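Could you build all of it, start to finish, from the sequences and the hints given here?
Chain by chain, the residues:
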Amino acid sequence: MEAIDSSAELELYTIPAQSSWFLWDDIHEIERREFEEFFSESSITRTPKVYKEYRDFIINKFREDTSRRLTFTSIRKFLVGDVNLLQKVFLFLDKWGLINFSPSLNDNDTLSSVDNAKVEQGTPAGIRVTATPNSLRPITAPPLVEQRTVSGVKLPPLTSYSDVFSDSKKPDDVLLCGHCAERCDSAFYQHNKSIVNICEKCFKNGSYGGENNAADDFKLVGDSAAALWTEEETLLLLESVLKHGDDWELIAQSVSTKSRLDCISKLIELPFGEFLMGSTSGRLSSAVPTEDEDTEQVKTDVQEHEETETREENEDEDGPPAKRKRVALISDSDSSLMKQVATMASKVGPSVATAAAKAAIAALCDEASCPKEIFDTGDYTDSTVDRADGDKDTEMEEQREEKDGPQGLPVALRIRASVATALGAAAAQAKILADQEEREMEDLAATVIDQQLKKVQSKLKFLDQLELIMDAEEEVIEGGKETILQERISVLQCAFRSGVTKRWDHTYVK
Amino acid sequence: MKALGSSGWKGPVKFRMPTAENLVPIRLDIQSEGQRYKDAFTWNPSDPDNEVVVFAKRTVKDLKLPSAFITQIAQSIQSQLSDFRAYEGQDMYTGEKIIPIKLDLRVNHTLIKDQFLWDLNNFESDPEEFARTLCKDLGVEDPEVGPAVAFAIREQLYEIAIQSVASARESRLSKKGRRGSDHGSASKASGLSMDLVKLFSFKSSVVRKRKDLDVYEPVVDLLTSEEVDALEAREERHAR
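Those protein sequence lines, which keep their order, are chains R and G. Note that UniProt numbering has the first sequence beginning at 1, numbered continuously upward. Note that UniProt numbering has the second sequence beginning at 1, numbered continuously upward.
Since the hints were derived computationally from the structure, they do not count as laboratory data. Keep in mind it's a predicted model, so treat the numbers as computed, not measured. Don't take each hint at face value.
[Unchecked claim] In silico PhoX-like pairs for lysine-lysine, Cα to Cα no more than 20 Å straight-line:
{"id": "1", "chain 1": "R", "residue 1": "Lys77", "chain 2": "R", "residue 2": "Lys88"}
{"id": "2", "chain 1": "G", "residue 1": "Lys209", "chain 2": "R", "residue 2": "Lys49"}
{"id": "3", "chain 1": "R", "residue 1": "Lys431", "chain 2": "R", "residue 2": "Lys461"}
{"id": "4", "chain 1": "R", "residue 1": "Lys77", "chain 2": "G", "residue 2": "Lys209"}
{"id": "5", "chain 1": "G", "residue 1": "Lys136", "chain 2": "R", "residue 2": "Lys88"}
{"id": "6", "chain 1": "R", "residue 1": "Lys61", "chain 2": "G", "residue 2": "Lys211"}
{"id": "7", "chain 1": "R", "residue 1": "Lys61", "chain 2": "G", "residue 2": "Lys209"}
{"id": "8", "chain 1": "G", "residue 1": "Lys136", "chain 2": "R", "residue 2": "Lys95"}
{"id": "9", "chain 1": "R", "residue 1": "Lys347", "chain 2": "R", "residue 2": "Lys358"}
{"id": "10", "chain 1": "R", "residue 1": "Lys77", "chain 2": "G", "residue 2": "Lys136"}
{"id": "11", "chain 1": "R", "residue 1": "Lys77", "chain 2": "G", "residue 2": "Lys102"}
{"id": "12", "chain 1": "R", "residue 1": "Lys61", "chain 2": "R", "residue 2": "Lys88"}
{"id": "13", "chain 1": "G", "residue 1": "Lys136", "chain 2": "G", "residue 2": "Lys102"}
As structure tokens, then:
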């Protein structure tokens, strides 16, 4: 006898909630109802034992490899019996989710699926948190004393290597005022034509040194205090953006050391900053041109964003972005990441959203091992969401620790980890809401059932009363009958006594 | 007439195809004027008779056959239908009849070999559904394979149903009378039934023995064009 022995190793199988009634040792009511022919004892080929063997065999066969879709044809050769009946058992198990229940198996059109939705592998394009070209730019501003933290192994530069870009883009490593030879630790002014820098003080004093006489030859470059963003400040910034959305005043207050504009410009520089900007397009494009203290970098960046944002603005005219039914432009950075995720999740079915969320977490974890540890994902089950919720607190602490120390962890990964945390939190929230909805629905259903029962009960009472009344009437009528009978008897007696003949009834009637 | 169901011996039922839909398999093989028309399909016997002529006309038009075919096609279909109807009034014993059905057919480039068990008493069975599942699970792309498989199953079921009518008539004539023996005779008609009693009894398992697995496994082969031509040539020679 071919026995599938799965008891040797204790594996945990996760089965869908709707099939939790299933027991190995017993046959449930649901099965009895569905397969009456097995339980009616009318045939030798259909007995409960046979049914149980079919069922157990099919389920065990599926569990040998839960990742592949079990087909009917692959198991039918193993079982003796009418193939139509076997197919019925197979379809029953499939429908109830006792086999073939993993979402990844439902890619193709199945016998049981009604809707032809295709689940895409991998993350939808809109959710993907990818590196933008300047993502490797370190969080700390390059010019000053600190070393650049670059991801990956730091190799010694080749002899022919010349860092052309750093020269043109970034100011000198050590900023000394061209005039008074002191460190320019705050704003400094750079001459247009030469690379001479002078500090603020010298600029104010008017001593430009050398032949640099024209004041307007100088441009304010880099408010260094503003350009320097520590990790705590960045973290604060991200949190406050997620919390406050567009409210830059509040954000500037939370990130106490940075002005409003600094926050905005810093956010743009961050790899996904545009996503988090919400509907600031209007505000930003108006705010930026009026500022003439911008840094070079910020200006070029902002100009690019201005263009994209004016383009989006034109399309953005009717209604808040999150509610629009645009399909093609969903990947544009016209709304916050959370809003985008919400829009997409509302457009697709729940199973698609689940799969997308899982794939997103998987993709994020694949990209680096650090977030993987944070997320502690072993196998992707429905409990990932719950765990993500529970892990969130520990994650935040871990992240704080890691961010505080310069441990060589690439910055982009941390950012991604925090984004993933945000997604996990949103998912947990959604689950809680869904549970609440369910409970409410159940309550309402129970109330409706109660009312129906009450209706039925009152009707029954009414009928009971009617019955009583009828009984009483019956008695009365019985009594009436008796009286009439009595009278008849007495009349007859009188008639006989007075000697009337038998055929008296005709005359009596008259 | 008792309710049809897949339960045990219930007594004779009126003859019909033991499937969910009462469809008759019709096979056509007509030669005339140097052209040969071969076809196999299922027909619903409750369709009105004039449908046959309409069908014949449409087929000839679609396949651009000479019009002499119309009458021949119509005649062939009608004779097969009347054969079927001749059986319809009679009783058949279905009993506990689980029969092996064998498939060994070639459709265009696909070769299918298979064997499986079918319960003749299961009036909810559906050859078309079975064929659909088979093609889907085995990844058969040719859309003509499914209907061909269903037809082959139906043909075999039809033949066995006819046999059961004949055996029912015999047993009535011989006046056995007792219910037990009738059941025995009906089930003896299928060679498998003796094994059934053993197999479905308390001690043994319905999981098939390893040595039988190969027989009951479906095999699908995709042939190349040359192999198809060679096979066709061989079939022609056998037919002559």
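### Task
For the pair supplied as a hint, Lys431 of chain R and Lys461 of chain R, confirm whether the alpha-carbon distance does not exceed 20 Å.
The hint is violated at about 45 Å.
### Message
Next pair to validate is Lys136 of chain G with Lys88 of chain R; report whether the Cα-Cα distance is within 20 Å.
### Response
Answer holds: Lys136 of chain G to Lys88 of chain R is near 17 Å, not above 20 Å.
### Query
Given the proposed pairing of Lys77 of chain R with Lys102 of chain G, does the C-alpha separation stay at or below 20 Å?
13 Å, holds
### Task
Measure nothing beyond the straight line between the CA atoms of Lys136 of chain G and Lys95 of chain R; if it is 20 Å or shorter, mark the hint as holding.
18 Å, holds
### Message
Just to be careful, I want the Cα atoms of Lys61 of chain R and Lys211 of chain G compared with a cutoff of 20 Å; is the pair within it?
### Response
19 Å, holds
### Query
Regarding the pair Lys77 of chain R and Lys136 of chain G, is the alpha-carbon distance no greater than 20 Å?
This hinted pair holds, its Cα atoms lying about 16 Å apart.
### Task
With a cut-off of 20 Å on the C-alpha distance, tell me whether Lys77 of chain R and Lys209 of chain G pass.
10 Å, holds
### Task
Starting from Lys61 of chain R, check that the Cα of Lys209 of chain G is at most 20 Å away, please.
16 Å, holds
### Query
Taken at face value, is the distance from the CA of Lys102 of chain G to the CA of Lys136 of chain G at most 20 Å?
19 Å, holds
### Query
Is the Cα-Cα distance between Lys61 of chain R and Lys88 of chain R 20 Å or less?
17 Å, holds
### Query
Are the Cα atoms of Lys77 of chain R and Lys88 of chain R separated by 20 Å or less?
15 Å, holds
### Query
Quick one, are Lys347 of chain R and Lys358 of chain R close enough, alpha carbons at most 20 Å?
The given pair, whose Cα atoms are some 17 Å apart, holds under the 20 Å limit.
The earlier numbered hint that this structure contradicts is number 3, and it is the only one.
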